[in-house]
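Chemist: Line by line, the protein sequences give chains A and B.
My numbering puts the first sequence at residues 1 to 115.
My numbering puts the second sequence at residues 1 to 117.
Hint data in this document are derived by calculation from the structure and do not stem from the laboratory.
Keep in mind that this is a model prediction, so the values were computed, not measured.
Incorrect hints may appear among the rest.
Below 27 Å or equal to it, Euclidean Cα-Cα: the simulated DSS-like pairs (lysine-lysine) are [what the hints assert, rightly or not]:
| id | chain 1 | residue 1 | chain 2 | residue 2 |
| --- | --- | --- | --- | --- |
| 1 | A | K5 | B | K70 |
| 2 | A | K37 | B | K14 |
| 3 | A | K5 | A | K37 |
Only part of the chain A face toward chain B is listed, based on derived beta-carbon distances under 10 Å [claimed, not checked]:
| id | residue |
| --- | --- |
| 4 | V4 |
| 5 | S12 |
| 6 | P44 |
| 7 | F46 |
| 8 | D55 |
| 9 | A70 |
| 10 | S74 |
| 11 | V78 |
| 12 | P79 |
| 13 | G83 |
| 14 | T104 |
| 15 | G106 |
| 16 | P115 |
Every residue gets a Cβ at the ideal spot worked out from N, C-alpha and C, and that includes glycine.
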Amino acid sequence: DQQVKQNSPSLSVQEGRISILNCDYTNSMFDYFLWYKKYPAEGPTFLISISSIKDKNEDGRFTVFLNKSAKHLSLHIVPSQPGDSAVYFCAASGRSGGSNYKLTFGKGTLLTVNP
Amino acid sequence: NAGVTQTPKFRVLKTGQSMTLLCAQDMNHEYMYWYRQDPGMGLRLIHYSVGEGTTAKGEVPDGYNVSRLKKQNFLLGLESAAPSQTSVYFCASSPLGTSGRTADTQYFGPGTRLTVL
Chain A
1 DQQVKQNSPS LSVQEGRISI LNCDYTNSMF DYFLWYKKYP AEGPTFLISI SSIKDKNEDG
61 RFTVFLNKSA KHLSLHIVPS QPGDSAVYFC AASGRSGGSN YKLTFGKGTL LTVNP
Chain B
1 NAGVTQTPKF RVLKTGQSMT LLCAQDMNHE YMYWYRQDPG MGLRLIHYSV GEGTTAKGEV
61 PDGYNVSRLK KQNFLLGLES AAPSQTSVYF CASSPLGTSG RTADTQYFGP GTRLTVL
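This is chain A alone, in the form it adopts within the complex:
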């Protein structure tokens, strides 16, 4: 049973436009969410996170929105740049049973930003 779902395997956008990557989760115990970015032949790198006590977190061109009632979060990239082309992973953690140090990852979305 997949607890973190990224239903879009790929997304293609034009340079300068907005990229919106979506993520859904099923486990109500998740209370912290992260986005990671991964280039080919490299390890994932942390991008941005959000706690369940917030509904928005912004860092430069990147904004994460959290809708707890819908168990849905999204990553907005504005404006998109060709260097943003990568696989984006959504991840979640929860404090249930003291397991806040474990992350559950989605399958990833390949973003391609076309010049």
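Once you have looked at the hints, place chain B on chain A.
Modeler: Below, chain B without anything else, positioned relative to chain A:
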């Protein structure tokens, strides 16, 4: 500051052979993790450690063993490699969460690409 390093970067094994993957971190992190990434499967946790001398099973632990004899190192062993273990393996670490949710943010190594024939 090297962060998280992994050795080797690539390896080809024959079925039944054994090997050890080494992960080292220089950030004095308490927690360390081993993941595998397969096409269309995302990152799946194999084993993790919450401190020197401790290990625990993750989501897909079968066929793997781990050891954390030193705080900075986390070893992943394959005793008898199988073609199903062909994958890219990532090590990660995270700090002790003294405030906020710092322990939730994991820092990854560059990966080891393993092929089992």
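Chemist: Tell me if the interface restraint on G83 of chain A is satisfied: Cβ within less than 10 Å of some Cβ in chain B.
Modeler: violated (19 Å)
Chemist: Does the CB of P115 of chain A sit less than 10 Å away from some CB of chain B?
Modeler: violated (27 Å)
Chemist: Answer holds if the nearest beta-carbon of chain B is closer than 10 Å to that of V4 of chain A; otherwise answer violated.
Modeler: holds (8 Å)
Chemist: Quick one, is the S74 of chain A hint okay against chain B at 10 Å, beta carbons?
Modeler: Hint violated; S74 of chain A Cβ to chain B Cβ min 18 Å, cut 10 Å.
Chemist: Given a cut of 10 Å on the nearest C-beta pair, is the interface hint for P44 of chain A held or broken against chain B?
Modeler: Status holds, d = 5 Å.
Chemist: Quick one, is the V78 of chain A hint okay against chain B at 10 Å, beta carbons?
Modeler: For V78 of chain A, the interface hint is violated, since the closest Cβ of chain B sits about 23 Å away, which is over 10 Å.
Chemist: When the nearest CB of chain B is found for D55 of chain A, is that gap smaller than 10 Å?
Modeler: violated (16 Å)
Chemist: Hint S12 of chain A vs chain B: min CB-CB distance below 10 Å?
Modeler: The hint is violated - S12 of chain A has no Cβ within 10 Å of chain B, the shortest such distance being about 18 Å.
Chemist: Are P79 of chain A and chain B close enough, Cβ to Cβ, to be under 10 Å, as the hint says?
Modeler: Result: violated, 26 Å to nearest chain B Cβ.
Chemist: Just to be careful: measuring from the Cβ of F46 of chain A to every Cβ in chain B, is the smallest value less than 10 Å?
Modeler: holds (5 Å)
Chemist: Verify the interface restraint on G106 of chain A: the C-beta must sit less than 10 Å from at least one C-beta of chain B.
Modeler: Holds, about 6 Å.
Chemist: Regarding the hint that A70 of chain A lies at the interface with chain B, is the smallest CB-CB distance below 10 Å?
Modeler: violated (21 Å)
Hint check: violations occur at hints 1, 2, 5, 8, 9, 10, 11, 12, 13, 16; the rest are consistent with the structure.
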